[in-house]
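K.L.:
Sequence:
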Amino acid sequence: MLIIRSLAFNFVFYLSLIVQMIFWTPFYFLSPRHRAWFVPKFWSRTSMWLYEKIAATKSEITGVENLPEGSFILAPKHQSFWDAIAFFPYLDDALYILKRELTWIPFFGWYIMKMRMIPVDRGSRSKALKAVVVATREEMNRNPRQLIIYPEGTRRPPGAEPSYKYGIVEIYSQLGVPVVPVAHVAGLYWPRRKFMRYPGTIKARFLPAIPPGLGKEEFMQRLIGETEAACDQLLVEAAQAPNPPPIPPTAVKRLAELGVTAKS
1 MLIIRSLAFN
11 FVFYLSLIVQ
21 MIFWTPFYFL
31 SPRHRAWFVP
41 KFWSRTSMWL
51 YEKIAATKSE
61 ITGVENLPEG
71 SFILAPKHQS
81 FWDAIAFFPY
91 LDDALYILKR
101 ELTWIPFFGW
111 YIMKMRMIPV
121 DRGSRSKALK
131 AVVVATREEM
141 NRNPRQLIIY
151 PEGTRRPPGA
161 EPSYKYGIVE
171 IYSQLGVPVV
181 PVAHVAGLYW
191 PRRKFMRYPG
201 TIKARFLPAI
211 PPGLGKEEFM
221 QRLIGETEAA
231 CDQLLVEAAQ
241 APNPPPIPPT
251 AVKRLAELGV
261 TAKS
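When the letters of the sequence shown are read in order and numbered with our numbering, they come out as residues 1 to 264.
Quick caveat, the hints were computed from the structure, so don't treat them as lab data. There could be a bad hint or two in this list.
Derived pair list, reagent style EDC-like, types lysine to aspartate or glutamate, alpha-carbon separation capped at 20 Å [as the list claims (entries may be wrong)]:
1. K216 x E228
2. K194 x E52
3. K165 x E237
Here are the in silico distance ranges between beta carbons for each label pair [said to hold, decoys possible]:
4. R193 x E52: 19 to 25 Å
5. E257 x I22: 45 to 51 Å
6. T154 x A8: 27 to 33 Å
7. S163 x K41: 28 to 34 Å
8. A128 x E257: 31 to 37 Å
9. I224 x L102: 25 to 31 Å
10. E237 x E65: 39 to 45 Å
11. I4 x R193: 17 to 23 Å
12. D121 x R193: 40 to 46 Å
13. Y166 x V252: 25 to 31 Å
14. V134 x S163: 33 to 39 Å
15. F108 x G70: 27 to 33 Å
16. P26 x A229: 20 to 26 Å
17. I22 x R100: 20 to 26 Å
From the three backbone atoms N, C-alpha and C, an ideal C-beta is built for every residue, glycine too.
Let the sequences and hints guide you as you build the complete structure.
P.N.:
In structure tokens:
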């Protein structure tokens with residue numbers, strides 16, 4: 001049954017993406033940008049609804065009161081495709097940094113450019129970072145934007161040793177806006193590189209904003225410390241739930257370090 005539900009959800013999820021992208025095209029491209037945001041937010045909500053109804057996985061996001069007004073950086077853990085779509089409804093005008101090649105994909109690329117996302121060319125990381133800072137500052141000067149950036153860069157399994165990159169430190173220092181860390185363990189339920197979708201409740205938490213103006217070292221220590229502490233708490237809760245999802249080796253190791261044994 002689990003395999004069937006996982007296959008069914010994956011099929012319906014991508015079908016919904018394609019159908020909605022086509023269906024909403026006239027409204028999306030003929031509407032002002034602030035109204036067009038209805039489309040990706042609606043898709044996010046329907047995707048979470050389908051996830052709950054088909055795969056029996058609920059999404060519980062708390063800490064909305066910690067989101068500042070105006071421009072800020074949202075810094076989620078990156079474990080799953082879930083964390084790429086679940087937060088749209090909570091942001092007024094989200095901003096992503098992405099590979100320029102994605103803008104060349106028909107429909108998808110057009111949707112991206114409508115929202116003035118920031119495409120980055122492959123090559124020198126230092127040049128790319130400078131370009132990102134300049135483009136993001138220009139966007140935030142035009143109107144308040146919420147930059148979504150994953151501090152660890154790539155998806156990592158739950159419980160893995162933290163591997164935060166320097167890029168977010170430089171962006172934080174240059175932009176002078178708050179950073180909201182986001183803790184979750186979505187990778188337990190919607191694991192990377194696997195088609196299985198495990199039932200349960202994905203809990204995510206917007207943590208209190210880190211104010212602008214901190215030194216680079218202090219900022220990095222706070223970002224890592226606060227994010228990882230909250231993720232540890234959510235990992236323990238998930239592992240001790242009545243019907244826990246499969247716990248990957250990285251999470252088993254981390255739980256052991258915390259003195260916790262997952263339910264079998």
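K.L.:
Starting from the hint list further up, note which numbers the structure goes against and sort them upward.
P.N.:
Structure breaks hints 3, 10, 12, 14 and 16.
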